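**Student:** Got chain A sorted already, so can you dock chain B onto it with the hints?
Taken in order, these protein sequences are the chains called A and B.
Okay, so the first sequence: first residue is 2 according to my numbering, each after it adds one.
Okay, so the second sequence: first residue is 147 according to my numbering, each after it adds one.
I should point out that these hints are in silico values taken from the structure, not numbers from a laboratory.
No experiment lies behind these values; they were computed from the predicted model shown.
Be aware that a few hints might be false.
[What the hints assert, rightly or not] Estimated spans, in silico, between C-beta atoms of each pair:
| # | chain 1 | residue 1 | chain 2 | residue 2 | range |
| --- | --- | --- | --- | --- | --- |
| 1 | B | R231 | A | R328 | 30 to 38 Å |
| 2 | A | R330 | B | G235 | 31 to 39 Å |
| 3 | B | G308 | A | F285 | 36 to 44 Å |
| 4 | A | R332 | B | F232 | 34 to 42 Å |
| 5 | A | R12 | B | R227 | 37 to 45 Å |
| 6 | A | D112 | B | R231 | 20 to 28 Å |
| 7 | A | R324 | B | R227 | 50 to 58 Å |
Built from N, CA and C at the ideal position, the CB exists for glycine as well.
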Amino acid sequence: MIAWQSVGHMRWGWFLLSAAVLILLPLVTDTHTPTLLLIYALFALSLGMMWGYAGLLSFGHSAYFGLGAYTYAIAVINIGESTGPLLLSMAVPAVVAAVIGAMMFYGRISDVYMGVITLVVTLILFKFMSATAGDAYAIGAARLGGFNGIPGFLTLNVPGYPELSLFGLPTYYISVAALLLCYLLCRYILARSFGRVMVGIRENEARCELLGYNVPACKTAIFTLSAAMAGLAGCLYANMAEIVTPAVFSLKQAAEVLIWVIVGGLGTLIGPILGAMVLSYVKFLLGEQTLIDNSLILGVLLIVVVLGIPSGVVPALIRVWNRYLRRKRKREAQGAARRRLGIPSQEHP
Amino acid sequence: MDYAGVVTLEILYMIAFLALTSAGLAIVFGMMRVINLAHGEFVLLGGYATLKCSQLGINVYVAMLVIAPLLVGIVGLIVERLIIRFLYGRMIDTMLATWGLSLTLIGLVTLYFGPSAMSIPAPIPGYQLGTYQMGGYNLFIILITTALFAAMWGVLRFTRAGLIARGAMQGPDVVAALGYNPRTVYMVTFTVGAALSGLAGGVLAPLTGLLPSSGGAYIAKAFITVITGGAAVISGTLSSSIIFGTINQLVSFAAHPVIGEIAMLALAIILLRLMPRGITGRFFRDGT
Numbered sequence: 002m003i004a005w006q007s008v009g010h011m012r013w014g015w016f017l018l019s020a021a022v023l024i025l026l027p028l029v030t031d032t033h034t035p036t037l038l039l040i041y042a043l044f045a046l047s048l049g050m051m052w053g054y055a056g057l058l059s060f061g062h063s064a065y066f067g068l069g070a071y072t073y074a075i076a077v078i079n080i081g082e083s084t085g086p087l088l089l090s091m092a093v094p095a096v097v098a099a100v101i102g103a104m105m106f107y108g109r110i111s112d113v114y115m116g117v118i119t120l121v122v123t124l125i126l127f128k129f130m131s132a133t134a135g136d137a138y139a140i141g142a143a144r145l146g147g148f149n150g151i152p153g154f155l156t157l158n159v160p161g162y163p164e165l166s167l168f169g170l171p172t173y174y175i176s177v178a179a180l181l182l183c184y185l186l187c188r189y190i191l192a193r194s195f196g197r198v199m200v201g202i203r204e205n206e207a208r209c210e211l212l213g214y215n216v217p218a219c220k221t222a223i224f225t226l227s228a229a230m231a232g233l234a235g236c237l238y239a240n241m242a243e244i245v246t247p248a249v250f251s252l253k254q255a256a257e258v259l260i261w262v263i264v265g266g267l268g269t270l271i272g273p274i275l276g277a278m279v280l281s282y283v284k285f286l287l288g289e290q291t292l293i294d295n296s297l298i299l300g301v302l303l304i305v306v307v308l309g310i311p312s313g314v315v316p317a318l319i320r321v322w323n324r325y326l327r328r329k330r331k332r333e334a335q336g337a338a339r340r341r342l343g344i345p346s347q348e349h350p
Numbered sequence: 147m148d149y150a151g152v153v154t155l156e157i158l159y160m161i162a163f164l165a166l167t168s169a170g171l172a173i174v175f176g177m178m179r180v181i182n183l184a185h186g187e188f189v190l191l192g193g194y195a196t197l198k199c200s201q202l203g204i205n206v207y208v209a210m211l212v213i214a215p216l217l218v219g220i221v222g223l224i225v226e227r228l229i230i231r232f233l234y235g236r237m238i239d240t241m242l243a244t245w246g247l248s249l250t251l252i253g254l255v256t257l258y259f260g261p262s263a264m265s266i267p268a269p270i271p272g273y274q275l276g277t278y279q280m281g282g283y284n285l286f287i288i289l290i291t292t293a294l295f296a297a298m299w300g301v302l303r304f305t306r307a308g309l310i311a312r313g314a315m316q317g318p319d320v321v322a323a324l325g326y327n328p329r330t331v332y333m334v335t336f337t338v339g340a341a342l343s344g345l346a347g348g349v350l351a352p353l354t355g356l357l358p359s360s361g362g363a364y365i366a367k368a369f370i371t372v373i374t375g376g377a378a379v380i381s382g383t384l385s386s387s388i389i390f391g392t393i394n395q396l397v398s399f400a401a402h403p404v405i406g407e408i409a410m411l412a413l414a415i416i417l418l419r420l421m422p423r424g425i426t427g428r429f430f431r432d433g434t
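Chain A with its partners taken away, still in its complex shape:
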């Protein structure tokens, strides 16, 4: 119970309000686009947790998203029941990230080189998956299908009952649950000592090390956790799209998630979530017109944010709001003091 009482900056009111809105949303709108937005939000949350709090920037986080999607598709074709594949879609990216993370962090590689290595891993997966056309490339009964990807696999079902398929509205609610649970998990971690150490590493790695914390182990752990969350997002994405193609590993996907996180705001959890939702919705709206290319807008946005508000939109708004609150409180305090002393207020000279 103690841990739950001190869940960092957890604002239960806002949390419950958002949950209620998400639960009631299907009453007013179609769930297809909202499901996609939720999945992207989860993906952004996974990177935001790692980048914003531990200061570890993975340039190719789409590797784990894509691995989750591919793992689910391959496993469900071979197994036929979705509970195992769902768990595998988190386990496989986690294991891959643990291996790569351990290799990087125990090798004490600096942030730029970490960027290179994570990007190269994504490129390898993209190249490999794009080249797997033909019967020679199959895992069990699942043909990898090269550039066309894997179509037509079973979607999630009620655990233990393969014939009770969950699709459409249930996928939406599963995505809502996944996002809310992962958010709570992140808050919980941030409130525990592990979360504090993580932030400590971001602020001053040498000091954390000298205080006796095992920095490489911590970094590997958070990288693994983040990859598992990205994998879950990938699994849900595969379920919604009903096809996985190598595009999940592409540089464009890798760039997009970075943009969502940095525009939303580093060092917050809600920033990446909102960034992903708003920006992908804008992209969705822009996709319906052909006047201006999508990449142009995303690119300009990224430049403007890095140059203008490097901390991201949400932290900047919070700062503005706090300043407003401070001013207001100061004014009220002055007003109260004047009244107490019988000085007429300045508004009525």
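**Tutor:** Here is chain B on its own, set in the frame of chain A:
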């Protein structure tokens, strides 16, 4: 025997390709510690400039060797003034901003040239090597790359500008001690780096074809070549180009071109793990 010749030429071509596409990025990284993720699009712009010129009826060699570098150099200058100069010393932010720039340029190129692939006919015909048909243009690229690196070495080694550039590699203090403003040196460096990327794009355009999204293919290879090479521009770029080009082509011939690329990328990860400061951070430390 003919087959050995083909393999050797292909390896040489791959080394030249890597060295040529990395040169601009390497100069900017070596002197400014800035990683320009829009490098692939700079290369691409050089290609499109050449295409536009050849459509307008300008001699293709003039287009690729003069106009493309000039034009992309000017783009580089504008980018340095508008974006890069605010971000010196913030490596990750520079990478993010230039990634944004890369997306912007892709968008602009798509707007102007359309999303479909375009090509320029190779100005040099193929030739016969034993029973194999070889591209004559590949030899031209090997030649140009050799000339370019010889010229770069000459400039760095024997001229005043080269001295300042080598000072810049040591650090901004050294430049200042030589009596120059590091900011100005950086501006010129970025412009020259962009011009070299434009040159690479122009020269390679007849061979690779042009597609708005194909900058990504250059940046990935150039990126690992430069980072693995380390901070010394010439020896670093050449040594990692030789390693990666050889591995890529040998594995490609033995298995499959895609496996060759994957082998190259995997090797890059291993090399970075073993030598986190690049090849020249470990060997030839005093080189240029």
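**Student:** A separate judgement is required for each hint: does it hold in the structure or not?
**Tutor:** Verification of the supplied hints:
| no. | hint | verdict |
| --- | --- | --- |
| 1 | B:R231 with A:R328: 30 to 38 Å | 35 Å, holds |
| 2 | A:R330 with B:G235: 31 to 39 Å | 38 Å, holds |
| 3 | B:G308 with A:F285: 36 to 44 Å | 52 Å, violated |
| 4 | A:R332 with B:F232: 34 to 42 Å | 36 Å, holds |
| 5 | A:R12 with B:R227: 37 to 45 Å | 43 Å, holds |
| 6 | A:D112 with B:R231: 20 to 28 Å | 22 Å, holds |
| 7 | A:R324 with B:R227: 50 to 58 Å | 32 Å, violated |
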